[in-house]
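Chemist: Construct all of the structure, not just a fragment, from the sequences and the given hints.
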Amino acid sequence: MEGRDRWVSKSIERLEDDRLLRGRGQFIDDLKPFPNMYHAAILRSPHAHARIKDIDVEKALSMPEVVSVLTGQDVAQLSRPFIVTGPKDMEYYSCAIDKVRYVGEPVAVVVAKDRYSAEDAAGLIEVEYEPLPAVVDPEKALLPDAPVLHEQQGNNLVMDRVYTYGDVDGAFAEADVVVKERLLFPKYASYPNETYGVIANYEEDSDRLTAYCNFHGPYSMHPVMAMALNTPANKLRIIVPPDVGSSFGVKITSYPYVVLICLAAKKAGVPVKWTEDRMESLMASSSAVDRVAYVSMASKKDGTFLGLDMDVLDNVGAYMRAPEPGCVLRYLGNLTGPYQIGAARMKARIAVTNKSLTGPIRGYACQHLYFGIERVVDRLAKELHMDPAEIRRKNLIMPDQFPYKTLSGGVYDAGNYPAAFEKLLEMGGYEALLEEREKARKEGRLFGIGLALGVDPSGSNMGYMQMALPAKARKRPMSGSAQATTIQIDHGGAVTVELSTVCHGQGHETVVAQVVADELGVSPYSINVVGGMDTSLRSWTISTGTYSSRFATVSASSAALAARKLLEKMRKIAAHLLDAEPEDIVKEKESFALKGTEKRLPFRAIAAAAHWDTQALPEGMEPGLSATYFFGAAPATRGEGDQINSSVAYGFGADLAVVEVDPETFQVNVLGYYSVHDAGTILHPAIVETQVKGAALHGIGAALYEELMYDENGQFLNSTYADYICPGINETPKMVTDHVETPSPLNVLGSKGIGEASSQTAPVVIANAVEDALEPLGMKIDRLPLSPHFLWSLKKSKGA
Amino acid sequence: MEELGNNSRHAIQLKVNGINYQLEVEARRLLVDVLRHDLGLTGTHVGCEQGVCGSCTVMLNGQAINSCLMFAVQANGTEIKTVEGLAQGYELHPLQKAFKQQHALQCGFCSPGVLLNSLDLLQKNPQPDEAEIKEGLSGNMCRCGGYDNIVKAIKEAASELAGKKAE
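Chains as they are written, first to last, in numbering that gives the first Met the number 0: chain R, 0 to 799; chain Y, 0 to 166.
It is possible that part of the hints are untrue.
Said to hold, decoys possible - Result set (DSS-like, lysine-lysine): computed pairs, CA atoms no more than 27 Å apart in a straight line: (1) Y:K96 with R:K733; (2) R:K422 with R:K9; (3) R:K9 with Y:K123; (4) R:K346 with R:K779; (5) R:K422 with Y:K151; (6) R:K9 with Y:K154; (7) R:K9 with Y:K151; (8) Y:K123 with Y:K133; (9) Y:K14 with R:K31; (10) Y:K133 with R:K733.
Calculated directly from the structure, the hints in this document are not laboratory data. Given the structure is predicted, the values throughout are model-derived calculations rather than measurements.
Modeler: Printed below as a string of structure tokens:
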């Protein structure tokens, strides 16, 4: 359906909101799926690095409320180490076995009749530790005398690869100017308000495990869980309730706890529920990697970029937990961002240290990538006395170059980067801001403007994980990004849509209803959309789930195509009933008509025939009206050598931030935040706006407030929300967003992901703005977060 | 004074959303656990148990409080309103309506707490300006970052409620 009659692209009221606002959502901790549910508490390591000499659980077991205690010995016996992707083997279990490697690592699980007793009992477990020296800094972890976390590996380096695209040394040799920076990115996470939760049950007779949880994919972690549990995949049933209290990537790595609680239920012989508390979440759920990067850019003196060279060292914490090393792989296809650059190289090393584990966090490593690129672009502009907008404009990929093949194998499907960038500069009033800055500086005020651009990859290609290994070591071909939707039309023509996207705040029920309503010609409010997930009942593949902004790119198309599959069947039924050929049947709003005649059959009459009167169907046709469509995004190919189209589609984002820094306290005040994106067709403008603003706020959090802090001995320092500061309503700046819409040719709706959007560019745009503000003091920004304390110390060290 | 050991049990009375409950609870049982797990009112959420995120906000004797920071025994004899008590049957409260219209929620986990704190704010200050709304909501974390629309929704609900009063 076209134009004004479409439901898609309208900001309709969300189908989810009524129940959520009435307090009738169904979140994991609200469920009571088993009448005799028991409760778990996890005992965690207080040491960053120590050998477990002995665990005495007798006192805990003597409490009448306690059913059992699971320890590392049980875990070693009942399960196998998780599969880890990477060049080296590493024994990573859901619980420490003979050594703890970070503060917060699970050591034992108590199962008791209620949570209060379980926590009491956990306090009665006596663990004898032999503390070992710890290391938390990734550079120090690679020194020859550093404590080794995994002895069988000999050292702490778990990945060491160089990805080279084009003649990088040649580009640097012919450059007029080269800038090089050492840049540090902090360990932070966009924590959701709802923590991890698991309710597990084991059935001895069928050897079947059922786990209710808030794990939202990728379901490639399902085989990882099943293998760890030593169970056939079809005997591990994962059920996710319709409501998940957001995730921002953090809940992808809830899977080790699904395994741990399954083991606890298996040993206890009763259903077990565990809900993570906030302290556990901050200390041991997941975070982005902290990164040390050396980033160099070679350029001609007119500002034309010639080459990009990066040397990155990422800290994944104590184990390289899947889907790491995505931290260096997820952006491979868009390694050069929105620019035309002649050659590029990334040396990628990963170290293990005595910090908590990492995983995808909204933006998954693109914030690290763009922090590097966009910082050196600003430095280059300074070096060449060019305006930061001008140097960016000069190197952008132009609209007539799409589809644009990047050096590293990415295929940017569509976009109008210059149009989006110019829109941003106009919206933010860039020229006027430059004058305002001039005036402010004369008055002695620290006023700054920042710009940052980024390509926004959406719909991860499973094939990129292979790039961790050198080409000849890749044993198994991997590619794809697929998602299924099932639609049923009942005997009265009413429509039910079954999702397997595992939505967690993005309004999928609403948007899928809009998409299907357009296809079938019904009202979205008449459609029953069933959210949540059940791996035993829903159609899914290993790439199923919501992560890497894949809903608009992949999932929404599967809903549209499932509807079309049903329409095709209904057309055949109509043709048969009207004694005509299917190609002569046209779908009208609520009926099927025979072209050029008055003959028509109502939508519901066809539905009725499929259920009530199967003799009326064409010979050989299956009765009923149900269709599942697996949409497999074509661009998700295997890749060649180190070239990989790591995502299915690529949007564009341009951000502008205006800041003022207090010259006495060094408090950064964000006066305005502007953002323009090209995400193809916008499916629901209001949802998109909230996504863009929310993503920007996560990036602002990383830029100004958030860092998981450890002392040198690996002791974790900020385990409450009072110590780990997230931006709230008073830290939210004025934000203005807009869009350019260049539809993607690669999916049915022309839409691309937008959920991660500015989380990738916000950290660097704030850094660029703050450095601009501090220019009168000659202070340079090479790290985040830009707390008043840090900026004040920086000023002191400069003697400025 | 009576000694309240961890495991000592106490009879309490609560009036929640207009219904009287007689319960026997451990001295250390949190009010939020009683509401969620003993009374089945799971609309009140737990986000931090540290009094920072505001997801567990309920009204106790007409005042917004963090139910994760209070023992149920401390609430003995009080009247409590949770998010389940906001709507009048099918009819949503003006705040709920405005939140829906203004797209002031994403995952909806923080929304019950935000709604009750907004109710508290509007009771004390029926026509708050933007700064007052921000001050009033400073104890609620919406990690989806939907603050702009929350401010719009509260303003809309304030006008709606003012209109109702004038009628």
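Chemist: Output the indices of the hints that this structure fails to meet, ascending.
Modeler: 3
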